[in-house]
Each structure stands twice: as C-alpha cells, then as structure tokens.
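Use these hints to put chain B onto chain A, whose structure you have.
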Amino acid sequence: MSSLGPPAPAEDAAHADITSFAAAFEAWLLSRPAGVVGASFPQPTTGARMETMRRLMSDLFAEGWGRWGWPEAFGGLGGTILHRAVMWEGLARHGVGGMAAFEHLEVLGPTLLAMGPPEFCAQAFPGFLDGTETWAQGFSEPDAGSDLAALRTRATLDGDVYRISGRKIWTSWARFARWSLVLARTDTVESRHRGVTAFIVDLRSPGVEIRSIAQANGHDELAEVTFDDVVVPGDRLIGSLNGGWAVAMHILSSERGTFAWFRQCFLLQHLQRMLQWGTPEADGLLGDAVLDLASVGALSIDALRVHEHGATLGPRAAFTKLVLCAAEQGLFNWALASDADVIIDPVDERGLDLRAAYLFSRIVTVYGGSQQMQLDTVAKQILQLPA
Amino acid sequence: MTLVEDPDSLFLRSAQNALRSTDGDEALRALGWRDLLGSLEEDPDARLGVLAYFQAQGRELGSSGALGELMAHPYAGLFGEDRAVTATVGRRSARRGNRAIVVGTPGSNGILIDRPGHGISLVSLDTLELRPIGFSDGLALHEIESDLTDLPISLGEAQAVALRERSVQLGRLAIAYEILGAAETALAGAVQHARDRTQFGQPIGHFQAVRHLLASARVDAAAIEALAHLSAGQYPALPPMRDAILKALAGRNGRRICERSLQVLGAMGFTAEHEHHRSHSRVLVLDALLGTSSSLAHHIAVTLRESAGVVPDLNLSVAALRAN
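Protein chains in written order, with the numbering used here: chain A, 24 to 410; chain B, 810 to 1133.
Calculated from the structure, these hints are not laboratory results.
Do not take every clue at face value.
What the hints assert, rightly or not - Simulated coverage check for chain A against chain B, where a stretch passes if three residues somewhere in it have a Cβ under 8 Å from a Cβ of chain B:
id: 1; region: 297-306
id: 2; region: 309-317
id: 3; region: 382-393
Model, not experiment: these values are computed from the prediction.
For every residue, glycine included, the Cβ atom is placed at its ideal position computed from N, Cα and C.
If we strip away everything but chain B, and leave its shape as in the complex, we get:
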C-alpha cells in the first residue's frame, strides 16, 4: 500500500466551495464555523476544521473576521458579553512601535485590545478611529489610530498573561494555515503555467531548471503543512516556542514558494492583471502579523542560545509521537 498525496479534508474543500460563492463572514456562518470554535479545546476534529478554514481562506484569497474571533476565543465568557467579540492582531512597526490591527470588515462588535504589560481592554469597535491599510491581496485590514494609552483595563496583566499566550498561539497557527493556502495557490498557478507555456518547442515544465524550482517550492509547502498539522493536533499542549517556530517557518517558506512561483511565471506574473500578486501579497501581509519570520527566527535563536546549553524541548520527541 502506498500513499501518494494526502487528500484535502472534506471541511477544507467545503470551505473553499463556500468562499467561492459568498464572502468570508457568510461562509463562516454557512460552515457552522463558530460552533466548531466552541469545542476547539476538547475536540481535535473541530480544531482541525477551525484551522482548515484559514487554509481555504488563503487558497481562495477570502476575507473575514475569523482571525480576530479565533484570537478572542481564549477570553470567551470573561466579560459577560452577549455579542460577538473579536481581538485585534498585533504587529510591530520599526518606526511606530506596537500596532493593533483589525482583520476583516469592522462591525459594531466589541473588540479586545491587548497591550502587553498593561492588560486587555474590551471596547466597542465603533468608538475607535480606524485607518484602512493592507495591500492588493483582498484581506480587509484596519489599523487602530486612536490613542490607546488611557483605555480602561478590562483584564489586568496578571490574569492576561496565560490567556494572551493561548490567543497568540491560536493566531499564529491560523496564520500559518492561511499562508500555506495562499502559497499553495501561487504554486498551483506556476505549475499550470509550466505545463501550458511553450518555449524552445516544449512546455517549460520539461526543463529541469524549472522543474527543480517548482519541486523545491512543493517541499517548502510540505514542511509547513506537516508542522501545522502536528501543532494543530497537539494544541493546547504546544511545546515551548512552537507557535513562533511554525509562524516563522510558514512566513519564510511561504515567501520562498511565492518567489519561486513568480520566477517560473516570468514577467507576466509581475503584472497587475495576473492573479499571482494577490496570493503573493497575502503571504507578505500575513508574514507581518504576530511577528515576522525574521524577527521570530531571531527570537528563537537568541532564546536557545541564552538557555545556556539546555535546549528546551523542541518536541521532536516522545510527546509528539504520542499526540493524536
């Protein structure tokens, strides 16, 4: 018996179908995604479904508020709220410091704003000043422009620490899946082009230089997929730094996949008309959230080095074997 390719899960395919016919927030309703979110901790299948949505959103370049809702999940019920709550997604600007980003189309829902060192504030989104940011990838993004320094604290730092860790872990897992999906779409476009485009009287996919570019990209995708699936299975018992390692891997490999795909597409892939730039941009945008691949990889290296010779369990170990 030989396994050639892992078939996509049923949920992944359903989510892609939903995203082809409707917008992301409607797709979440149609898929019963919020029900799955409710049993994220205890039900591994529900967890895989919740995360597969992000892979589908990456593949189809959809837009939704799913990331903020997922990151708000660890705080669910804390504030007695009866309306949908989402969380902002952090990023660090070299020039302007920590920024809070709203992912998806902003509504009138409550939003959790995390300010490490201070705590968590729950505020109504329509009281905040938002500035649309982002890029050509179709993902709705807004940066909060309002001054956040005097926001009332809803959850003090002492209580926030453990929940924040969960929130960031989930966010990084989801982003890794979405980067994987977007990179898969970029690669699929390049593979199709290699079959169709003829030069020197042959499809360019016949030439080894092109084949090896695409094969290397496929290997990079397999690595993201394997570590994402392993991590999704292990959550919430992730080993130290796993979320950072996964997010850094997804960002690094995702960018490489897009670059190799673009090289195969040639100049046509650099036009606004060609769809490549949309998935490529999606990967770049997602790499900027919750720590870039460069900053995370650097953080991982420094942490390891400063552990004075004791490698924290990278969990390429017995515990990983026992998971699932």
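If we strip away everything but chain A, and leave its shape as in the complex, we get:
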C-alpha cells in the first residue's frame, strides 16, 4: 500500500498486512467516529457502559475493522490476533475506556472457534462481533472457586438433548449475554476434571435465571446464574464429551495470557489521564508501576505471538496474569497516593470512574484464578517442585 493518498477502506485485502491495517485504522480513528467518541465518556451505569459498547462494536463491524483478526467462516475478514491487538490498542489510545462484555471476545472467542461446533459458531459468532449477541462464561460455582474441578452443575443426556441443572456465580456480563459457555458435570463428582463438559447454553431458555450482584465498586456486571432443568441441544458441545477441562485450559491461556495485552492498553490510558495529578511524594510508586506495565507489555506481546502461531502458552500464562495484577494494583496505588480524592471525593463522572477502577484493582488478584493458584501453577508446572 502506498503511504500517499487516502487510506484504504477497512475491507481492503491489503490490511492482511498488520502495518497497513494499523495505518488505515489510525486514519479512521483520527476522523473521530461517533461511536468512538461516545465510548470515550465515562458511563454512569453498567447498563449504559454496555449499550455504548454495543453501538461501538456495531459500527466497527459495519465498517469492517471489527471483523479483522477473525476467520471469514465466522464473520471475519481473516488476519490474526495481532489485528485485534492493534484495533483495541487504537481504541484505548483514542479514549475508549474498556471493553465491557466484549472482553469475552478475547477470552472465549479463540476457544469457541478452535473447539466449538463449526456450523453453530458460523451462525452465532457474527452476532458477537457486531455487538448484538454477547457471550458469558460459566465457570465458578458457590462451592467450586479455586477448586474448579469440584463443580457440581450437572448435564444429563435425555434422548438427543442435555438437561442442565445447577448454579454458577461471578459470571461476568451474564445479564447482557445471549449465550453462555457452561462447564457442567457429565460424569461422577469423583471424576473431578475428567468428567466435565463445556456446553453452549442459550440464556433465553426456560429455566435460566440471572441475578446481578451489586459490587463494592458500584458496578454490577457480575451475576449469579441458575439453571433449572435447562434443555440444551445435544450438539451444543465445545470440545468433546468429558473434554471440558481442555476447553477450560484453552480459555484460561487467553484469559491469563493474551488478555493482558488488551487490559494494559486501558491501564496506559488511566496512567495518561492521571499523570497531571501525580505528586513527587508518589514518584516511587509511579516508577514501580511503569516497570510492571512495561513487563506486562513485553510478556503479553510474547503471548500474542504464540497465539498468532496457533499455539497456547500453557502454564506460562500465569506469568502474564501475575504481572498484570502487579501492574494494575501498582498503577492505582500510585493514583491513590497522589490524590486521596480518588476515594473520598471523586468530584465528577471521570473521578467516579477512577474510583470504581481503583476499587476493582483490589480484586484483580482473585478473578481468572487467584494469585495463590497462579503461584501454585508456577511452582508445580514450571519449577516442578514436589507436590
């Protein structure tokens, strides 16, 4: 592509090249599209955040940008995860504050397309890309948190359908989702991780009940989801029967590995916005936070490259996850140390947004596998210490 003249439209095949894509997308962002501008203002409620992001995703899909990085068979235009990395980096740099439920595109999306039923995904996935039908991920249960293999939600084969009953909790964005991946037991509880299967459940099905959980940071994207004899067609499996653990591990490689790239894009924007309030007394905390942010960047670029080549990180994803937690907490430690208004008197919408982000940073060492479980993974699988 020539560097002269107007940028090529989003669907230009030349954008298979990441440099071409990045240049054209940046030109589009500089035209200040309404969807991007709209998503760059803090939103007062979780629902408003979600609606703003739906509009943005719809625009990105219609223009074509949001289709890059996904296979053509599933509504995409081809390319690799680097296209998505570039797109979200640009959106964050131009003020978009977060991904809302579309973070699940990066957490669940790669696994859905690699291991889900192709025909179903070909029909359903474009709705995720264009913002109309988002997905949730039902892993944790009231009695199965860190010990995920103790999960008790059960799926029973009944003719050519499964019937699912049980309870999931901490399911992000479930209230807004049409579909959910649900890890359910298809063998005895004693079979632990070997007797688990990943299902695709239509959250509009009879028997599904979703209750929002009001969080300590004022948001309520988390939910408790109960399944009471919910019918799921027999072919709505991701991976194989009793093969759900491999699906979960594939997802966690994204959630703990590549996802760090997307999250750090938004952390850098927080850093940029907060710098004007930084005080000399807090410089030590700022320096440390920058070192950790740079580490997350480097580790997550490695993760992106591994995924780009069709592999997954395996236990090394724990490195990325742990350093992301340190960076996020370090960044907000600095913000609070610089100006206690963050907590006691946020003043305006932007301040309220910052307070919610500060408070959320206190819990990042819990979600997606607690810090202690990540350290266990490193000790066992990488250092190979005796169990």
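Chain B in isolation, oriented as in the chain A frame:
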C-alpha cells in the same frame, strides 16, 4: 500445541559451556563474539547472540571486558584506531560524583572515557591510575583514580550525544541480561535446595510458603526476560526511556529474586562457603552501574510526570507488535 518453557538458545548454552572451561576473554574469542558484534545493528540474530553472552556470563559468574567493548561499539572506527577499544562504564557516587569504571581485566588497550557535558576522550589504559573495586562476585572492576578533568577531548560533546545514547542503551541491555543470568543461578540454587532439604519430614519445597516465594521469583525473572528480549529485538529503534526501564526492572526484580532465594536457603545461604552470595553480589554490583534501579525508576517517574499529561510512547503499542 502447548509451549511449556522457552528452551535456551544454542548460543546461550555454548557460551555457558565456554565459560565453564575458560576465562571470559578467551570464551569471547572461542565464540566469535567480536564477529557478531560487528553486525550488531543489521543482524538481529547476531544481536541476540552478543547479548546472550551476558546472560551466560551472569549465570556462570564469568568475568570479561565484553561490557566495555560493547559500549565502545557505537564509536567504532571514529578514531582510526587499529587496536581493541573499550569504554568505561559510568556510575554515580553520592559522595564522589560520577565515576568511570573499567569492567574486566585491564590491558594496554585504548579506552573511551565519556564525560557528559564535555565529550569523549580516547586514552591508553596503561597511562591511567586504576584502583580495584567490586565485591565477591568474581567480576573484575577497576575505578579510574586519575584526574580526568584535563583529558584531551577526542570527540566533542555535539557529536558525542547521539553515540553516547547508543552506548548507554547497549550497556543497559547487556547489564539487564547479565543480571537475569545471575538471578537465574541464584534461583536455581534455591529451587534445588527446596527439593533436597527436609524439615518436618518433608522437602521444604512441599510447603506453600516456600513454593510461593520461589514462584514469585520465577515470575520476576520472566518479566526481565520478556522485556530484555523485546528490547534486543527492537534495538536500535528503542522507544524513549526503554533502556532505563529495562535496567531498572532488571535491578529491582534481580534483587528481589536473590532475596527470595536467600530466604529459602536459610542461614546456610548467608555463609561465605555457599555460592549464593556470589550471584547475589553480582546482581548488586551490576545494579550500581549505569544508574541504579532506584535512581532510574525515579528518573522515569519524574520524566513522565513532567511530560504534562503526554505519556511518551512506552511502546506497549503497535510498533512493538511489528518488531521482529
């Protein structure tokens, strides 16, 4: 397909083998390190090899003049010299101001002495008064005691500025790799100890408190490694402050790795007999060169804050994705 651990590069292993059987300067010859140095800019593989040597030197606690030669590389050919030229490595003493350090065993070679604000002087090393300094880590270090204020200037400040930046970038990259290597050796010793040492009827590596100390140390090493590799791939087009960020990260994380390893080793790790103190000292010594982790992190913070809300490209961005 799953990648569990990045295997060490062939060059890294060769360099470790060489350092086990001979001294550092002989190892550099055997490895053809100076040939690699010659194609540092244009050949990423050569660059990775040049830098992997430092990781090996850290792991094996070797000593050589490689750091000074690497830092002299940006000035190569400027003075029509036909003999080996090295550079001094700067550090700042709170009591005595800027100091010039010769790393490795001093010979009769020419040495570049950088005095920011004045320029660069090329002098013969045997004309200078040297005082051995350093610590128990096996790295030969000398501080130049001679008064440098009246040294003839070989390269004026105006020309020196851009080359100095390259020189310091390379020096900080190399030191980060060497800190990584030394910290890896400290951690490996502690991991082995956790497998071997029995208390309460079990190997202490069975206890979660110990496991988490070692795992945290391993995460710190992974962070240095990732940022060092990314930076080595991007050189010479490093984003602003990257060399300072990398060196500060290596110093901070390197010290933490050694401290956690020492905690696992217990009192035995604090003896002169145990080898832990050698890698720990190497990390501490290297942290003192070209800016300590504390001073660099402070500099980074102040620079960012004074940029008035415009974050310089930390290069966690598209350019980084495109590199390699």
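If you look at each residue in the region 297-306 of chain A, do at least three have a Cβ nearer than 8 Å to any Cβ of chain B? With 5 residues close enough to chain B, the hint holds.
If you look at each residue in the region 382-393 of chain A, do at least three have a Cβ nearer than 8 Å to any Cβ of chain B? Coverage by chain B is violated here, the residue count being 0 at a Cβ distance below 8 Å.
Counting residues of the region 309-317 of chain A that have a beta-carbon nearer than 8 Å to any beta-carbon of chain B, does the count reach 3? holds (count 8)
Violated hint: 3 only; the structure is consistent with all others.
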